[in-house]
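Trainee: Single-letter residue listing:
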Amino acid sequence: MRNLRAGLPKKCRDHEGYGMKEFLSGNDAVAHAVKLCRTPLIAAYPITPQTSIYERLSGWEASGQLKGIMMRTESEHSAMASCIAASLTGVRTFTATSSQGLALMHEMLHFAAGCRTPIVMVNVNRIISAPWGFWADHLDSLSQRDTGWMQFYCENGQEALDTVIQAYKIAEQVYLPAMIATDAFFVSHFVEPVDVPDQEQVDAFLPPLDLPHRFDVDKPGFLMPVVTSEFYRHYKNAASTAMDSVQELAEQVDEEFRRKFGRGYGVVESLLTDDAEVVVVTEGSMTSTARVAIGDLRQEGIKVGLLKLRLFRPFPVRAVHKALCGKKKIAVIDRNCSVGGGGIFCQELKAALFHSKDHPGIYSYIAGVGGTDITPDVIRRIALKTLESSIPADAPEWIMNDEA
Amino acid sequence: MGKADPAVPVIPISYGRTQVIETGKWSSLKPQPLTMIAPCREACPIGTDIPLFLHFIERGRYAEALSAVLKENPFPGVCGRVWFHPCEASCNRAQYDEPVSIQMLERFVSSIKPEPVSLIPAPNQAPQRIAVIGAGPAGLSCAYFLALLGHYATVFEAKKEPGGVMRWGIPRFRLPKPVLKKEIGRILSLGVQLRTNCRVGKDITFEELDKFDAVFLSPGAGINSLLSIEGENLEGVWNGGEFLERINALEKVRLGKTTVVIGGGNTAMDVARAALRLGSKVTIAYRRTREAMPAIPDEIHEAEEEGVAFQYLLQPVKIRRIRGKKLRVTFQCMKSGAPDKSNRPRVLPVKGKYVTLEADSVISAVGEIVDLSWIPEKLVKNGLVETGGDPRIFAGGDAVAQPRTIADAIAAAKRAAISMDLLFRGNQGREALAGFRAGTKGSVSLDAYLRFREEGKWPEAKEVVSDGRINTLYFEKSRRVVAGKLQRDKRRKTYREVNLAPDEARAVYSASRCYSCGQCNACYNCFYFCPEGAIAINRDERTRTVDLAHCKGCGTCARACPRNAVIMKDMV
Chain A
1 MRNLRAGLPK
11 KCRDHEGYGM
21 KEFLSGNDAV
31 AHAVKLCRTP
41 LIAAYPITPQ
51 TSIYERLSGW
61 EASGQLKGIM
71 MRTESEHSAM
81 ASCIAASLTG
91 VRTFTATSSQ
101 GLALMHEMLH
111 FAAGCRTPIV
121 MVNVNRIISA
131 PWGFWADHLD
141 SLSQRDTGWM
151 QFYCENGQEA
161 LDTVIQAYKI
171 AEQVYLPAMI
181 ATDAFFVSHF
191 VEPVDVPDQE
201 QVDAFLPPLD
211 LPHRFDVDKP
221 GFLMPVVTSE
231 FYRHYKNAAS
241 TAMDSVQELA
251 EQVDEEFRRK
261 FGRGYGVVES
271 LLTDDAEVVV
281 VTEGSMTSTA
291 RVAIGDLRQE
301 GIKVGLLKLR
311 LFRPFPVRAV
321 HKALCGKKKI
331 AVIDRNCSVG
341 GGGIFCQELK
351 AALFHSKDHP
361 GIYSYIAGVG
371 GTDITPDVIR
381 RIALKTLESS
391 IPADAPEWIM
401 NDEA
Chain B
1 MGKADPAVPV
11 IPISYGRTQV
21 IETGKWSSLK
31 PQPLTMIAPC
41 REACPIGTDI
51 PLFLHFIERG
61 RYAEALSAVL
71 KENPFPGVCG
81 RVWFHPCEAS
91 CNRAQYDEPV
101 SIQMLERFVS
111 SIKPEPVSLI
121 PAPNQAPQRI
131 AVIGAGPAGL
141 SCAYFLALLG
151 HYATVFEAKK
161 EPGGVMRWGI
171 PRFRLPKPVL
181 KKEIGRILSL
191 GVQLRTNCRV
201 GKDITFEELD
211 KFDAVFLSPG
221 AGINSLLSIE
231 GENLEGVWNG
241 GEFLERINAL
251 EKVRLGKTTV
261 VIGGGNTAMD
271 VARAALRLGS
281 KVTIAYRRTR
291 EAMPAIPDEI
301 HEAEEEGVAF
311 QYLLQPVKIR
321 RIRGKKLRVT
331 FQCMKSGAPD
341 KSNRPRVLPV
351 KGKYVTLEAD
361 SVISAVGEIV
371 DLSWIPEKLV
381 KNGLVETGGD
391 PRIFAGGDAV
401 AQPRTIADAI
411 AAAKRAAISM
421 DLLFRGNQGR
431 EALAGFRAGT
441 KGSVSLDAYL
451 RFREEGKWPE
461 AKEVVSDGRI
471 NTLYFEKSRR
481 VVAGKLQRDK
491 RRKTYREVNL
501 APDEARAVYS
511 ASRCYSCGQC
521 NACYNCFYFC
531 PEGAIAINRD
541 ERTRTVDLAH
551 CKGCGTCARA
561 CPRNAVIMKD
571 MV
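The listed protein sequences correspond, in order, to chains A and B.
Taking this note's numbering, the leading residue of the first sequence gets 1, the next gets one more, and so forth.
Taking this note's numbering, the leading residue of the second sequence gets 1, the next gets one more, and so forth.
It is worth saying that the hints were derived from the structure and are not from the lab.
C-beta: ideal position from N, C-alpha, C; glycine also.
Misleading hints may appear alongside valid ones.
Label-pair restraints from in silico Cβ distances [to be verified]: (1) B:P116 / A:T89: 50 to 56 Å; (2) A:S75 / B:P116: 51 to 57 Å; (3) A:E255 / B:V8: 22 to 28 Å; (4) A:D244 / B:E22: 41 to 47 Å; (5) B:E22 / A:S356: 57 to 63 Å; (6) B:A122 / A:P225: 52 to 58 Å.
Build the full structure now, drawing on both the sequences and the hints.
Mentor: Set out below in structure tokens:
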């Protein structure tokens, strides 16, 4: 590591005085974030490609560097149930999972949201079986779209680390759980320079938690008993209202983070969209590739912009309006397919833009499904194809070849 | 919980209990925690609650174990040694691996020191006075049970010390006398009056007994049957009863180098083994086959082990003194024929075939008969005591028509004591006894009777648990525990007890092998398996309470009970 670091440009080693950067995988970056947040209760069950988060935290627990409890549960369902119970006693909680593990949690995800517990979870996006596989695909977390969790899609390890810290701050104000999605391998296992903030900095940004004890072991009760229809409606409505406030809150927290740590992401990120004739919309790790592809296109004089969707739940309607209304065309790339419905991000964008008078033509592409590569060339093709088209098709276009 | 913070969302938490939902009312099938009769208890003529005292031994609760035994039997130390324990033969565990060592455990519990139990007679508003004739197993037991029922018993004993066959018949190497002394002492501590050296018909008249409210006749069978052959009165020819009495009185007896014992019952075995210990070489001559011998198999086996020789199918015809020194017994050789009334093969003489045995002493032990000279004729039938007519006269033991064992004598005494008490309370019918039976083989329980007397309710008849109703999946196969015996070569030289005492660890382990057929032993299976948490168990009292408001009647407890102590019953 030292040798590798020695070869790095100074910018990487010493980022604006915030300490030395480290070469870390996305999973290690997440583990660092959890440790920095002083999370006292971690309940998890190993699953590829999330396991190294669990391993790293377990290692720190064994060496005494991690203060708190690592619960080795017998399933992801139990892991989530443990987080819910612990969270209600007023402590910060964390879990990580992927794919089938997330699917197994499904029932408990609804409970976590219904119990209004500010649990933070990292889901390493892995294809959901069948067939069996381990590669990057967003369908696992998108399948949990309606569970009442916030969802953030991260471009790289640094962003994952920062988003974990931000997510606690947001979740603990609205009492809603937050899921941070990172792409299998492209984020989880790629090793990149990551700035790990100092503990004091994080403590100042995210003070040790003092949540109210809503569940008291000395006064046992039965959580979530049967309620009347009216009560159910009330609780759902309250959760919905809380979720509606998240976009603004997330922007504020990100802004505060930027001031303190020198990095920020926004709920969406617009790049070169002002004069763009087509805006490519991306999520997760494909964004990095798109940055390169769009840079190349711009050098050729082709007016292409980029919109990175970072927050997916709640869907950042206002930010999307601001970024896309008045544009001629957008090309939405979905690394997922809701069979029979097309790309899920595209559906969401269509719904979000429907009421705006000057919304762009929306072109839908499905690429990178099953962990296939989204190369700069794929993005280039998508951009050019959108430029050439006059009317968007109803059905998405599948990119079946990685190379031209 | 503190003050409600408006920023903190309220979530539904119920502090009420789901117990308000009385799911038990949804079904009519309910578990019935029962206590049934174990087959060992049914087989015990005395009706001792064997699973109960074994349970207490297992838990180390020895005082309660002894109490449980003493409720039914005043002689656990005796029965734990000298009786053929049919309980073990009927133990359900015998069908699975090997029976529980019940007799050994009875002996163990009787020898706990110091004695952890002091007996208290039940309160009785109208105590009666009862005369008991004969201080043998039956007489002493009857006095004991009467005392427990709150009556006054006076025991008349012709001999100088009480105990009957236990004192004068059974030798010390089978029943050490301090054991008997302790058990008789326990009976006397209840206030039983004992008059020794008082022979009815000589020291007092039978008519004098009239002043008592009831009489229990238990004179025993004290007269030895005669061989009725030539030479029976020669010097060196003994009768077995007289011989054993002198041995037990610690008198000096000389038999010479060789002894022939005639007979095949327990007395013959005791005689032979005692003779062996006097240094004599002993041969038992029996007129039937070994299979037909009435002695307890264990006793025959032990006699063989110690070196007693056996000769079968020999009927003595005469005894002569030869060369002025030795005795020569002439035997008619016999052969087996068709079975007789007692289902034993009849033996017939082999014409013209005789054998002789020579010995320094000959001891005959061919049975005992009852001395009836002092009893009014109306109470005699077929050479035995028969009380038919007079409701105030009861009888038991070897003098009546019943198996001549100590346990049967104790059982008869218990039946008589309860019958007397019922009589005094104006409850004439002796068939009332059926209400206190332990099983269907005639044993009655004093404990059940006392509870009836206290509560005034007739007990419900209880079923006997058959082997098929035990869930053997819960039991690991294991070997029966056997207590040690005195080394064989030592036995010939000493009167020390042959069967050694079990140590505590072996006794506790042995007790833990009991299935506890039909009786809760607080194994907690039902408690753990009940999906409703509707069963409460009192470990000490071994009582189970079912919360009927929440028991859904699934029957899991009945299925999970290894010992058939829960059954499902439709309450509609």
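Trainee: If a hint holds in the structure, say so; if it doesn't, say that too.
Mentor: Structure-based check of all given hints:
no.	hint	in the structure
1	B:P116 / A:T89: 50 to 56 Å	holds (52 Å)
2	A:S75 / B:P116: 51 to 57 Å	holds (54 Å)
3	A:E255 / B:V8: 22 to 28 Å	holds (25 Å)
4	A:D244 / B:E22: 41 to 47 Å	holds (44 Å)
5	B:E22 / A:S356: 57 to 63 Å	holds (59 Å)
6	B:A122 / A:P225: 52 to 58 Å	holds (55 Å)
Checked against the numbered hints given earlier, the structure satisfies every one of them.
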